[in-house]
Amino acid sequence: MVLSSFSVFLAALNFSLSLATFLGNVLILFALRKVNSIRPQTKLLFQCLAVTDLAVGLAAQPLLAITFILGAVKRNIILYIYHVSIPMGFVLQTVSVLTTTAICVDRLLALLLGLRYPQIVTFRRVRLVLFCFWLLSSVIIGLRYSTGYVETARSILIALMLLSLLVSLASYAKIYRRLRHQQQQVQIHVPQPQPQPRNGEAISLNIARYMKTVSSIVYVQLALARSILIALMLLSLLVSLASYAKIYRRLRHQQQRVQIHVPQPQPQPRNGEAISLNIARYKKTVSSIVCVQLAQGFCYLPYMLVGMLLTNGIIPPTARGSLFLGATITILCLNSTLNPILYCWRIREVKQAVKSTIRQLSLC
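Each step along the sequence shown adds one to the number in UniProt numbering, with nothing skipped, and position 210 is 210.
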């Protein structure tokens, strides 16, 4: 009776999360269509991420809920969840990992190419890359469930995840060094009394936008990487904490330097005001991402631990063990429910567009 009651509870929870995931990601997709400050190429990548989360809400979570309902009557049917939901989740997860890597590379190219970015990174090429992501994920899952190709598919998956992680980390390092160099160049002109050229203001605003966009991507990349290799998860977490501490100390030092010039009687250049404002905004974004990463670790860690225990035979593959696995899958799917809030919601323009959409719907 306890198992049956718990199955019914998990079924009701998954139905509720499915509705929240569906509504949240639909709002994000509508909001992205209204936002004009994001380039179409980058917007398409964000839309692909929202679509993968929407697919979880439309298919994976309802299927999981139905499985728990049937499992309350016939508990062994919970074991069949692996054969239905895992392939679908595998494709969605692989596409998400590749897409987050593509967003990271896209932000790096936009920073390095400058005015040449629209000519090189075209909408058509981005769409072709996303199509290849879906095709590659489908081919790998086909190999995974073909007799004799299980180990081949597993090796390809691990290599693909490691390559994606390395590309992302290299891109983040390059972006950080480039932005730090540009910000230092802009700050050289802060104490000067003469007005700064508008080019300096544009650089400062672009730095703030880049910092906000890139930092909002980090948590998805790290969360998905944690679901593949737990060792890399711990390493990434330590690197993130060290980076956040370094960023906090550096931003506090920069803000103190800017505030030294505030009491001066001569008018401050607009560039200095923009730098001070951008530093405060960036500190707020970084602190938000810390909470986001903790939330993502909460969603993925139970599934990894229970999966390892089942694989090693510590938890027997009984109805109770399968129910534990299903509960951790429920927590894992919660990631798709949180993404509209903790990921795209961090982009100010998208947040305003979502509020506008909700107000329009409430007036209808």
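Honestly, the hints are just simulated from the structure, not real lab data. Heads up, some of the hints might be wrong.
With a straight-line cut-off of 25 angstroms between C-alpha atoms, the simulated PhoX-like cross-links for lysine-lysine are [claimed, not checked]:
1) LYS34 - LYS351
2) LYS43 - LYS174
3) LYS351 - LYS43
4) LYS355 - LYS34
5) LYS355 - LYS43
Pair by pair, the computed Cβ-Cβ distance ranges are [claimed, not checked]:
6) ALA173 - ARG39: 16 to 24 angstroms
7) LEU109 - VAL8: 45 to 53 angstroms
8) ALA173 - SER138: 30 to 38 angstroms
9) ASN36 - LEU166: 14 to 22 angstroms
10) CYS132 - ALA170: 49 to 57 angstroms
11) ARG127 - LYS351: 38 to 46 angstroms
A virtual CB, placed ideally from N, CA and C, is assigned to each residue, including glycine.
**Request:** Could you grab the alpha-carbon distance between LYS351 and LYS43 and see if it respects the 25 angstroms cut-off?
**Result:** Holds. LYS351 to LYS43 sits at ~14 angstroms (cutoff 25 angstroms).
**Prompt:** Going straight from one Cα to the other, do LYS43 and LYS174 come out at no more than 25 angstroms?
**Reply:** holds, 22 angstroms
**Request:** With 14 to 22 angstroms as the target window, see if ASN36 and LEU166 comply at their CB atoms.
**Result:** violated, 34 angstroms
**Restraint check for LYS355 with LYS34, where alpha carbons must lie at most 25 angstroms apart** = Judged against 25 angstroms, a Cα distance of about 12 angstroms means the pair holds.
**Message:** Does the beta carbon distance between ARG127 and LYS351 stay inside 38 to 46 angstroms, or does it fall outside?
**Reply:** Taking Cβ atoms as reference, ARG127 and LYS351 lie about 26 angstroms apart, which means the hint is violated.
**Asked** ALA173 and ARG39, beta-carbon distance inside 16 to 24 angstroms?
**Response** holds, 23 angstroms
**Message:** Quick check on a hinted range of 45 to 53 angstroms for LEU109 and VAL8, using CB atoms only.
**Reply:** holds, 50 angstroms
**Asked** Keeping to a limit of 25 angstroms between CA atoms, is the pair of LYS34 and LYS351 held or broken?
**Response** Distance ~11 angstroms between LYS34 and LYS351 Cα, so the pair holds.
**Message:** Is 49 to 57 angstroms respected by the C-beta to C-beta distance linking CYS132 and ALA170?
**Reply:** Distance hint for CYS132, ALA170 is violated at roughly 21 angstroms.
**Prompt:** Do the alpha carbons of LYS355 and LYS43 lie within 25 angstroms of each other, as the hint requires?
**Reply:** holds, 18 angstroms
**Asked** Per the hint of 30 to 38 angstroms, is the separation of the Cβ atoms of ALA173 and SER138 within bounds?
**Response** Holds, since ALA173 and SER138 (Cβ atoms, about 32 angstroms apart) stay within the stated range.
In this structure, the hints that do not hold are numbers 9, 10, 11, in rising order.
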